[in-house]
Amino acid sequence: MSSDTIAQKHGAGGPAMRALIESVFVTGLGSAGAGLAAMDDGAVIPVGDRFLVLTTDSYVIKPLFFPGGDIGRLAICGTVNDLSMMGATEPLGLTCAVIIEAGFPIADLQRICDSMRAACAEAGATIVTGDTKVMGRGELDGIVINTAGVAFANRVVPDSGLRPGDRIIVTGTLGDHGFAVMAARHNLQLESALASDVAPLNGLVRAALAASGDGICAMKDPTRGGLSSALHEMAAKGHVGIVLHESSLPMRPEVRAASELLGIDPLHVANEGKAVLGVRADAADRVLQALQAHALGRHAAIIGTCVAERAGSVILDTGFGRRLLAEPEGELLPRIC
Amino acid sequence: MFSLGLPRWWPTCYDPGMCLGIPGKVVSVQGMEATVDFFGVRRLVRLDVVDEPVAPGDYVLNHVGFAIRRIPDSEVAETLKLFEELAAAGDDEDLLAADLRSELAATQESKK
Amino acid sequence: MSGEPRGVDELKFRDPRRARELTTALARLVESLHRAPVTLMHVCGTHEQAIARFGLRASLPPALRVIMGPGCPVCVTDLGEVDEGVALALQGVRIATYGDMVRLPGSSKSLADAQAEGARVDVVYSATQAVELARATDEPIVFFASGFETTAVVTAAIVLAKPPANLSVLSAHKYVPPAMEAVARLPEARVEGFLAAGHAAVITGYGLFEDFARRHRTPVVVAGFEPLDILAALVKLLEMIRDGEQSAANAYPRCVSREGNRRAQEALWRVFKAVDGPWRGIGVIPDGNLQLRDEWASVDARNRFRIDVTGLKQAAQSELSRRCLCGKIMVGLVEPTDCPLFGRQCLPESPVGACMVSSEGTCKIWHQYGGRPDLGTQ
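Protein chains in written order, with my numbering: chain W, 1 to 337; chain B, 338 to 449; chain V, 450 to 827.
Simulated from the structure, these hints should not be mistaken for laboratory data. Positions of the beta carbon are idealized from the N, C-alpha and C atoms, including for glycine. Treat the hints with care, as some may be off.
[Unchecked claim] Simulated restraints, written as ranges between beta carbons of each label pair:
#	chain 1	residue 1	chain 2	residue 2	range
1	V	Leu769	W	Ser31	36 to 46 angstroms
2	V	Asn615	W	Glu309	52 to 62 angstroms
3	W	Ala38	V	Thr759	53 to 63 angstroms
[As the list claims (entries may be wrong)] From the derived model, a few chain B residues whose C-beta atoms are all more than 10 angstroms from chain V:
#	residue
4	Val366
5	Gln367
6	Thr372
7	Arg379
8	Pro393
9	Leu398
10	Leu419
Work out the full structure: start from the sequences and follow the hints.
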């Protein structure tokens, strides 16, 4: 069913959004948009014998302040993480453009900036340039932040590198960010509080890359659409099937509880401080150890294997049987990042 | 009844707090209503159609905001034993025999 | 985290080791029957969701076929019933109904279509929310109530609790045991045993299945909804088939008794009576529909309003809906994957048949979880 206006689904990070990008941006920009067709986390520009990685993201999350973080922290970590997912773990610099609605409290803006400063310090990143615009009251919802990042990588890790036999590793618990935001949005008070996992991953990824030799062959951060979206993309681009073991999936008990209560699958829900790695089988254990030795990777786990059959599908072994993991039509929750 | 004021886009099959089959623990009873705890989230549940008196500490089976059954603790142990017996798939005894039930409940208690 | 066990694991019904023991028992039992396939039917959307979500079919022995029968209440809500709701909505009456009902197509329109034309349709998650809505406004509210007996009990409870005068009920409630009778009489289905829905049986008790089992010479086992509940019930059912037992058994004793919940039954039958009625795609099921009794005429939307559905009747069925196999799927004669429209023209975002609209519909569940069991990659 085609339409001639943009709908919510076009921003959800799923098939509809990809179709929009392909048909409007990639096709429309043609050679002016070289690099877009790969639709990876970042763009790669060869410079001498190294690679310049470039990425940009806009942040529209609602609410602005949520347990575990806020839009400022998210704006820094999201971009640092996209660079890291390409193998570029030392950001040279970040840009930060904000569009603010007239009437927005300056105290909130300061809080957001403090958050950004703290996140930059954690990541070892610096905002080198930016822009500020104001739109009239009612013309914009609060604030929108765009950040872009640039970094060098010696070896680019695409999200298309999976081969049969590779192991899938996730760096920690799944579903934290999406459920925390949903709980905050709807004032859902669970006994054990949910909190977003938003964090810069470049240090963690650096440690994993160092330990892996060349064993890490694909990386992606499971943001919109959750682990399911990320794995479906990786499976499709690598022309492999993925078998996941449900019992290995790291998950906080409170996320499990919220999931049962709300009937929403944590595998379809955004994460902002986790990475999914495709690792050659012989490197899997040492990558896992390197991750678990790092503060952000304590709950890292091997969760699955790539197979030659059923390319593009993700199969979940539930412990009671097997079923397909559905590819979500993007993110269930609007304005999650 | 507690209302979350969910937005229109909320997936229609997701029924917060009222998912079929999740037993909740009764926290308090106020006349025809009970406050029931589901994984730490509290909901008001109506007692109009439950067929036994319900007290704090009881587990109830809830269906769209109404308790339809009080689940006795002993039944849990009995059901687990039922599973074991069926897995052996050779037992022809009536698994619901009253004496067996009480024996099993006692056994399960002592394992705690 | 507190020391006390919490959450789903609390009831210990998801132990994979026990599950493996049960599936091994299933394989042994099926083999002892020396025939294939052995077809068992369940009649509950929630069972299908559990089976699909946990991937149970992939671990069942290949000779065992567990199929879904008419267990989705939204899916069996007839065209005419939807038309009544749509007609009222287009007449300017505000409708409150369950989410899945909104996109269910009628003869020519769904409630969602009526909404697009300006009608007011509110999604509620429970009958009590419909009551709250009626309290919050002066205008008439019609609660368009679908669901099987468990849900009908809740509608009955709110009718008995003297709802506000502006609330009336348009009942599309249905009663499952008569539909099981209809399926049991279909020789082509070759159903050798039934799993009865656990929560409906909480209300009705399992006693009523004993007579059913005798008459149709088919055993019935009441099953709960955790993976172990379902596997255990299947084992019990196969045992009964092996031993020629034409009776009913209860594999959900923590929630179901022989007599059921008398108080809930009283509420149900005080408010509703069973009448013959059409089940979408299947045909008329004698005593299959629940309508408000005459003494509740003042709360009955069919009595309070003159509902004019003539404008909604379509001369011809659309080409796609003529090819829809929902009716056959709902009595277990074919599977969603046998339907040429499944996953192609018929998708959750663009459903052709009712089974793809409802979260309890076979097609929607299979589309989401990949219903076919051949997911082996060894």
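Evaluated hints:
1. V:Leu769 to W:Ser31: 36 to 46 angstroms: Roughly 41 angstroms apart at Cβ, these two residues keep to the hinted range, so it holds.
2. V:Asn615 to W:Glu309: 52 to 62 angstroms: Between Asn615 (chain V) and Glu309 (chain W), where Cβ atoms are some 59 angstroms apart, the hint holds.
3. W:Ala38 to V:Thr759: 53 to 63 angstroms: Hint holds: Cβ distance 57 angstroms, inside 53 to 63 angstroms.
4. Val366: Non-interface label on Val366 (chain B) holds, nearest chain V Cβ at 16 angstroms vs cutoff 10 angstroms.
5. Gln367: About 15 angstroms separates Gln367 (chain B) from the closest Cβ of chain V, which puts it past 10 angstroms; holds.
6. Thr372: holds, 15 angstroms
7. Arg379: Arg379 (chain B) is indeed farther than 10 angstroms from all Cβ atoms of chain V, at 14 angstroms.
8. Pro393: It holds; Pro393 (chain B) is separated from chain V by about 15 angstroms at its closest Cβ, greater than 10 angstroms.
9. Leu398: Violated, since 6 angstroms does not exceed 10 angstroms.
10. Leu419: About 6 angstroms separates Leu419 (chain B) from the closest Cβ of chain V, which leaves it inside 10 angstroms; violated.
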